[in-house]
Amino acid sequence: MGRTPSLRGGVTVSKVRVGLVGLGRIADLHILGYRDNPRGEVTAVCDAVPETAERRAREWGVGRWYSDYGQLLAEPAIDAVEILTPHHLHAEMTVAALEAGKHVSVQKPMALNLAEADAMIAAAERAGKALRVFENYRFYPPYVRAKRLVDGGEIGEPLSLRVKVIGGDARQGWAVPRSSWAWRLDEALSGGGPSVFDHGYHIFSSAMFFLGHVERVFAWIGKTEVAPGVFWDTPSYIMWKHHQGQRYGMWETVGSRELAVPSKYYGNDEWLEITGSRGVIWVTRCTGEMLPLPPLVVYRDGKLRTFDDMEADWASSFVAATHEFIDALTEGRPPEMTDQEGKEVLRFSLAAHLSARERREVQLDELI
Numbered sequence: 001m002g003r004t005p006s007l008r009g010g011v012t013v014s015k016v017r018v019g020l021v022g023l024g025r026i027a028d029l030h031i032l033g034y035r036d037n038p039r040g041e042v043t044a045v046c047d048a049v050p051e052t053a054e055r056r057a058r059e060w061g062v063g064r065w066y067s068d069y070g071q072l073l074a075e076p077a078i079d080a081v082e083i084l085t086p087h088h089l090h091a092e093m094t095v096a097a098l099e100a101g102k103h104v105s106v107q108k109p110m111a112l113n114l115a116e117a118d119a120m121i122a123a124a125e126r127a128g129k130a131l132r133v134f135e136n137y138r139f140y141p142p143y144v145r146a147k148r149l150v151d152g153g154e155i156g157e158p159l160s161l162r163v164k165v166i167g168g169d170a171r172q173g174w175a176v177p178r179s180s181w182a183w184r185l186d187e188a189l190s191g192g193g194p195s196v197f198d199h200g201y202h203i204f205s206s207a208m209f210f211l212g213h214v215e216r217v218f219a220w221i222g223k224t225e226v227a228p229g230v231f232w233d234t235p236s237y238i239m240w241k242h243h244q245g246q247r248y249g250m251w252e253t254v255g256s257r258e259l260a261v262p263s264k265y266y267g268n269d270e271w272l273e274i275t276g277s278r279g280v281i282w283v284t285r286c287t288g289e290m291l292p293l294p295p296l297v298v299y300r301d302g303k304l305r306t307f308d309d310m311e312a313d314w315a316s317s318f319v320a321a322t323h324e325f326i327d328a329l330t331e332g333r334p335p336e337m338t339d340q341e342g343k344e345v346l347r348f349s350l351a352a353h354l355s356a357r358e359r360r361e362v363q364l365d366e367l368i
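Numbers 1 to 368, taken from this note's numbering, label the letters of the sequence shown in order.
Hints may contain errors.
Taking lysine to aspartate or glutamate pairs in the EDC-like style, the calculated list, with each CA pair at most 16 Å apart, reads [claimed, not checked]: (1) Lys147 - Glu157; (2) Lys223 - Glu252; (3) Lys164 - Glu252; (4) Lys303 - Glu154; (5) Lys15 - Asp327; (6) Lys343 - Glu157; (7) Lys343 - Glu154; (8) Lys241 - Glu361; (9) Lys15 - Glu289; (10) Lys164 - Glu273; (11) Lys241 - Glu344; (12) Lys15 - Glu41.
Keep in mind the hints are simulated off the structure, nothing from the lab. Owing to the predicted nature of the structure, the values given are computational and were not obtained by experimental measurement.
Make the full structure from the sequences, and use the hints.
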């Protein structure tokens with residue numbers, strides 16, 4: 001794969017050959033965008049548990065499987081890796097892949113801290129390879145349409161964004177084994193709580209996607225025992241101000257253990273509201289489907305309009321995000337969610353956690 005001097009990671013190939021690393025439940029959605037795209041192919045899979053790697057390779061019809069990450073990186077028939085491992089492994093595995101000459105897509109959150117993020121970015125610069133953070137909410141079709149409406153002036157000057165997240169019981173959704181989530185409760189491995197640090201990366205990213213970068217934040221992060229000795233970082237409330245104009249945002253996340261959430265996936269659902277000087281946009285679903293409403297609703301000039309002419313299944317955001325990564329590599333351009341943007345989302349998240357710990361408003365530029 002050749003390098004385009006003006007674009008880090010720019011290449012021109014007919015197909016991107018990918019190694020998928022970390023084969024937990026979320027890998028079921030990451031594989032989709034490669035299986036239906038003639039310009040991308042998963043040629044190898046890797047998991048620390050050999051039985052899992054072998055089973056996934058057989059299930060997906062992938063020719064090679066590994067339990068040793070170093071062996072996968074030594075494979076010349078792999079152009080890029082997609083890293084879906086626990087958070088504390090992101091930096092080390094990303095740097096190793098870049099040094100092995102691979103492009104990298106790493107699951108959110110990018111890293112545990114800014115120092116790790118900087119090391120990852122520096123490794124990408126040295127290697128001349130692409131590094132992007134996989135953040136699928138920016139590719140969720142109702143969000144993409146809402147963004148287009150906001151940028152097109154549909155609701156006038158954007159003023160505020162509100163997000164509500166409920167974590168409940170997806171009785172018809174995924175059965176997620178304890179091994180896939182227990183590590184998220186150990187901050188040494190996860191970097192923070194499962195709601196605000198892990199899932200929160202989606203929310204912080206979405207806020208920046210719609211209204212731009214953030215100047216300062218204030219947060220309360222709660223603690224609820226959801227099982228004997230098992231604590232979730234809810235209820236939590238995060239408020240922030242964007243750099244541009246008088247734009248503000250707020251996110252509320254609640255854990256409702258006994259609430260049945262209709263979802264094919266995790267037991268979450270989200271609603272998003274963007275208010276402007278002339279109108280309001282609502283996105284009424286995401287991971288789940290609690291509200292029997294069209295996925296996108298707009299109020300402007302005294303009239304309500306609904307939009308249901310789009311795919312609204314959460315899985316579609318994974319497919320679109322994967323296609324964009326393939327397109328970026330084959331077209332010789334940087335991915336849309338660059339490593340620098342991924343670092344800024346992480347900075348936002350870390351500032352919120354600092355605010356909660358110190359019980360004060362935090363300027364994002366305090367974190368360097």
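Checked hints:
1. Lys147 - Glu157: holds, 13 Å
2. Lys223 - Glu252: holds, 14 Å
3. Lys164 - Glu252: Holds. Lysine 164 to glutamate 252 sits at ~5 Å (cutoff 16 Å).
4. Lys303 - Glu154: With Cα atoms ~12 Å apart, lysine 303 and glutamate 154 stay inside 16 Å; holds.
5. Lys15 - Asp327: holds, 10 Å
6. Lys343 - Glu157: violated, 27 Å
7. Lys343 - Glu154: violated, 30 Å
8. Lys241 - Glu361: Holds - the C-alpha atoms of glutamate 361 and lysine 241 are around 11 Å apart, at most 16 Å.
9. Lys15 - Glu289: The hint is violated at about 35 Å.
10. Lys164 - Glu273: Given that 16 Å is the threshold and the Cα spacing comes to 9 Å, the pair holds.
11. Lys241 - Glu344: holds, 15 Å
12. Lys15 - Glu41: Roughly 7 Å separates the two Cα atoms, so the pair holds.
The structure shown violates the earlier hints numbered 6, 7, 9.
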